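**Q** From first to last, the protein sequence lines are chains H and A.
Those letters in the first sequence? Residues 1 to 1005, by the working numbering.
Those letters in the second sequence? Residues 10001 to 10094, by the working numbering.
Don't read these hints as lab results, they were simulated from the structure.
Just to be clear, a hint being listed does not mean it is correct.
[Said to hold, decoys possible] Cβ pair distances, simulated, as ranges:
| id | chain 1 | residue 1 | chain 2 | residue 2 | range |
| --- | --- | --- | --- | --- | --- |
| 1 | A | Tyr10019 | H | Asn84 | 34 to 44 Å |
| 2 | H | Gly848 | A | Ser10018 | 45 to 55 Å |
| 3 | H | Arg547 | A | Pro10028 | 44 to 54 Å |
| 4 | A | Val10074 | H | Phe604 | 47 to 57 Å |
| 5 | H | Ala487 | A | Thr10080 | 13 to 23 Å |
| 6 | H | Ala4 | A | Val10074 | 55 to 65 Å |
| 7 | H | Ala137 | A | Lys10050 | 42 to 52 Å |
| 8 | H | Pro939 | A | Ala10041 | 39 to 49 Å |
| 9 | H | Gly363 | A | Thr10080 | 51 to 61 Å |
| 10 | A | Ser10018 | H | Pro980 | 34 to 44 Å |
[Unchecked claim] Covered stretches of chain A, going by a simulated chain H footprint (3 or more residues, C-beta under 8 Å):
| id | region |
| --- | --- |
| 11 | 10002-10013 |
| 12 | 10029-10042 |
| 13 | 10048-10060 |
| 14 | 10063-10069 |
| 15 | 10076-10086 |
[To be verified] A few chain H residues that don't get close to chain A, going by computed Cβ distances all over 12 Å:
| id | residue |
| --- | --- |
| 16 | Tyr81 |
| 17 | Met220 |
| 18 | Val635 |
| 19 | Leu761 |
| 20 | Phe847 |
Computed from a prediction, not measured in an experiment: that's the story for all the values here.
From the three backbone atoms N, C-alpha and C, an ideal C-beta is built for every residue, glycine too.
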Amino acid sequence: MSEAFRTRDGGRIDRTRPRSFRFDGVGYQGLAGDTLASALLANGVHLVGRSFKYHRPRGVVAAGSDEPNALVGVWRDEASYAPNLRATQVELYEGLRAESQNRSPSLRFDRGAMAGLLAPFLPAGFYYKTFLWPRRAWARFWEPRIRAMAGLGRAPTLPDRDRYAQTYAHCDVLVVGGGPAGIAAALAAAAGHARVILCDEQAELGGSLLAETEATIDGMAAQAWLAEALARLAREPRVRVLPRTTGFGYFAHNFVGLAERLTDHLAEPDPQAPRERLWQVRAREVVLATGALERPLVFPENDRPGIMLADAARTYLRRYGVKPGSRAVVATAHDGAYRAALDLHRAGVAVAAVADLRPDPEGPLVEAARAAGIAIRPATAIAGTKGRLRVRSARLVRIGAEGEAGGGASAGETVGCDLLLMSGGFTPSVHLFSQSRGQLAFDPVSAAFLPARPAERCRSAGACRGTFGLAAALIEGYAAGEAASAAAGRGGAPGLGFAVTGAIDTRGGTLGATPHGRDAARVKAFVDFQNDVTAKDVKLAVREGFRSIEHIKRYTTTGMATDQGKSSNMNALAIAAVALGRPLPEVGLTTFRMPYTPVSFGAFAGFARGELFDPLRRTPIDPWAEAAGAVFEEVGQWRRARYFPREGEDMHQAVGREVRAVRQGVGIFDGSTLGKIEVVGPDAAEFLNRMYVNAWSKLAPGRCRYGVMLREDGFVMDDGVVGRMAPDRFHVTTTTGGAARVLATMEDYLQTEWADLDVWLTSTSEQWAVIALQGPRAREVLAPLVAGADIGREAFPHMSVRACRVAGVEARLFRVSFSGELGFEVNVPADYGRAVWEAILRAGRGFGITPYGTETMHVLRAEKGYIIVGQETDGTATPDDVGLSGLIGRTKKDFVGARSLRRAAMAAPDRKQLVGLLTEDPREVLQEGAQIVANPQTPAPVPMLGHVTSAYHSPTLERSIALAMVRGGRARIGEVLFVPMPGRVVKVSLCDPVFFDREGVRLDG
Amino acid sequence: MLLIPCPWCGLRPEIEFSYGGEANIARPADPAALTDEEWGAFLYLRTNPKGRHAERWRHANGCGRFFNAVRDTVSDFFETTTKPGELPPSGGKS
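Based on the provided sequences and hints, a complete structural model is requested.
**A** Spelled out as structure tokens, the structure:
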């Protein structure tokens, strides 16, 4: 197809570089420098989408990121499919494929348009009220259908294989927005030798200058000045200019998020290159030069394809060399539309009429239009439009002195057109300023909310501050850049004056619905195109009792989704204010939320995907375990071997074999994930006295003790064996998951409560590999490898520790047990972990040494009734609750949590206490977390007596066992209770939590 | 993300820090001498002001040290940060 609507010359497109592309399967031609929107318009294609709710045909409305209608899916292949891109921002490349959304089977014939017929039943908040009866119909009938019909775009079905980069940056001055004000600000800051980042969401910087063909700056044509200014900035080593980069979020303390699109505009992107880059910028000073957005007019049927913003039409003509139609009607309340009318007129587009809402439009542009012979109708509104897939005519009605339009459905004059331009004036883009918590104030002169009191170190300049003239924007931008540079501690450069000619300042604007003289209940005048919200919906929300603008927004959905109120919020606010009978500034704006425009999830995720999503911690012995065929489980960030199945074994069989090996021979276990803290200093013992319930002063060097640590509220926080290596040196171990928390808590007390204690704390979790050797034959395996210590039964009894050498490596050897068997834990420097592990394995070969994993470790400890903090305890268990009150140092006056333990409630006899459970059926393994009741026949709510904390099949006892926390449990031992499960009830008897070797003789083996 | 002035390291981003709750709540020298109510107040009662708040931070992923700060809970801006033992900042009701 030919580009029938391309002008013969002009514009910033490259007429020597044609680009072919497909839209909805149809091939078209465009030019390098086009956006998808401008290329489609060049081919006369206005119909580009169907609306969100009513599936109404929609066309291109805007020329930038404020486009509410032209949302398209673009893809190279399924994995790169990106839905909901604004066609006005999609840069054309050779072979681009795009499709419209929200239509089926095609854009021209859409089944969903039935929704338009159902419109009377789809008012604001319809999903809250229409489909509630009968109740089940919502989930079964309505919701699936509405979901299929509503919503925009579709998610890609394949994983995104593109790369997304992230970077941090610091600068003195960040300038967001590369229009005249932003460029001037960057020039000023650069002249002051500040480090500057200047970003703009478009492919080219320049903003309004890109469509400026008449004005001159400092004697140069505006676009020549722009080119020179950008060249100057490019030469500055301290200035970074980022095109295609949206400042989407303004966070605390001048932390600004920028999303840079790197390859989406390329026909053949380097597959290794990142598709997007997320910039996390910390700026000393921020200059916001985010411009302003033209407001649509809210008149009946203002959403047909071919109805677009006046300045957008001008942009298409001037920047892209595209005539957006052949015969235009212009509806406006602002002078700017006259400039568009004149430009179109000169380009050969017939301008049938300019309907100006104002009674006496005047000024140089109005005069120029009149002189050009354009028919100007003052005090005229649009009462309606016709045309199914493209606007065909507009009906113009006079507005009377009372501000109301002449009545009737056929009053006024029908003017044929294929293009209807509208301008309700310009809304300053205060999104980022507002996100930064800056306060806005309503300016009655410009009828806009403008930045008033910034919360951050930032300045607004240009149109986003309500300063619209080109000269004024340049001067204000330069002054803002200069002040920002000085405030950032850099130089301020003397102010540049900008000599501007040919730019005509414009005025005017209107807010809210325009008069039309028709039955307001029967017309659709859209406020928010993207969310299909009409003026009627906003009024309905007020009628139904919504008073807060925030509630009106949520009820009607106006200003939600990607639009974020860019085109809609001021009109919606004005309509609400009228309906509420309150002044507009009093009603106030809704909160602006980030992102300004949508940011891909990929950019936020960056490299944190797949294996890099969360770092995986591996022990030094992990590679051995992997080679040995271990099945792993994740414990926090650690990957731990769960069991080591042999050929043909399932978990049950493997764990059974591993447990029997430990009970009867010897097992070897990787305990390297244990948290370890080296506590050193003359006051180390005193410090531990205060931190733990236990007494440490009398613990002799070479001995160790199982320690329990409480929070100040008296509940168990962590536990672990603590060995005294020397009078002033303790080797403290913690749970795997609690290591960082314990160290932080210790640091807190040491630094802030007991700064007088001379103690140093060092995390050594990753410095030591820990190899547990457990079982009656453990000593026989280990003894030949140990040098420098006698590990005999008498010389090295249970709960001892020695510094020695194991397999030639310096080690701390503990005699401890978490299995109930004779046990050793060999701590060696992490780098030697695997070598020592393998040395012990070799030494144990003759003893049938068996590697075991965490599952076996759990079964072994449960058979012995040893608790795991976080499994038996849940942050509400005292030491006594879990049977550990014997550890508490009786002579100690105080320790963390001691005072809380003396509260009466902490000694209540009906506290949940640790007990063992035996099921009636020995094969039945309970579910961890299951509730325990006295009588399952009790009518609901059945009193809960407790819950199962651990449940396993015990290979040693050849039956199931469980641990539980039960109210007054110790006094109930011997009783029968019940565990209700879905469809059945399990009978259990309470017993001592130690199931095996209650006397502990095996520990002393 | 806040910028927090560590008294030892200077301005650093919030991700390097952990929050330590309200400042100037000293652990009683002799907890045993306290009534349950007094002990409960020490454990749980905080001023939670709107505005100036004296609080503790730890430069956990930096120098590791605790310090005191006065932060405006409305604006999230820090007024001062001080090393422990320096003149304690006052904030909130305290």
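**Q** Would you mind marking each hint as holding or not holding in the structure?
**A** Comparing the hints with the structure gives:
Under the hint 34 to 44 Å, the C-beta atoms of A:Tyr10019 and H:Asn84, about 37 Å apart, fit the expected range. Remark: the range hint 45 to 55 Å for H:Gly848 to A:Ser10018 is upheld by a beta-carbon distance near 48 Å. A beta carbon spacing of about 50 Å between H:Arg547 and A:Pro10028 agrees with the range 44 to 54 Å that was offered as a hint. For A:Val10074 and H:Phe604, the Cβ-Cβ distance of about 28 Å falls outside the hinted range of 47 to 57 Å, so the restraint is violated.
For the hinted restraint 13 to 23 Å between H:Ala487 and A:Thr10080, the CB-CB distance of approximately 21 Å keeps it satisfied. In this structure, H:Ala4 and A:Val10074 meet the distance hint of 55 to 65 Å, their C-beta atoms being roughly 59 Å apart. Between H:Ala137 and A:Lys10050 the C-beta distance comes to about 46 Å, which sits within the given range of 42 to 52 Å. The beta-carbon spacing between H:Pro939 and A:Ala10041, approximately 41 Å, falls within the hinted interval of 39 to 49 Å.
Remark: the range hint 51 to 61 Å for H:Gly363 to A:Thr10080 is upheld by a beta-carbon distance near 55 Å. For A:Ser10018 and H:Pro980, the Cβ-Cβ distance of about 42 Å falls inside the hinted range of 34 to 44 Å, so the restraint holds. With a threshold of 8 Å between beta carbons, the proposed coverage of the region 10002-10013 of chain A by chain H holds, since 3 of its residues qualify and at least three are required. Counting residues of the region 10029-10042 of chain A whose C-beta sits closer than 8 Å to any C-beta of chain H gives 6, which meets the bar of three, so the coverage hint holds.
Taking a C-beta to C-beta cut-off of 8 Å, the region 10048-10060 of chain A contributes 3 residues in contact with chain H, enough for the three needed, and the coverage statement holds. Counting residues of the region 10063-10069 of chain A whose CB falls under 8 Å from any CB of chain H gives 3; the rule of at least 3 is met. Counting residues of the region 10076-10086 of chain A whose beta-carbon sits less than 8 Å from any beta-carbon of chain H gives 4, enough to reach three: the coverage restraint holds. Taking the minimum C-beta to C-beta distance to chain A, about 32 Å, the non-interface status of H:Tyr81 holds against the 12 Å cut.
Every beta carbon of chain A lies more than 12 Å from that of H:Met220, the smallest distance being close to 41 Å; the non-interface claim holds. Here H:Val635 stays apart from chain A, with its beta-carbon at least about 22 Å from theirs, past the 12 Å limit. For H:Leu761, the non-interface assignment is contradicted: its Cβ lies about 9 Å from the closest Cβ of chain A, within the 12 Å cut-off. Its beta-carbon lying about 45 Å from the closest one in chain A, H:Phe847 satisfies the requirement of being farther than 12 Å from that chain.
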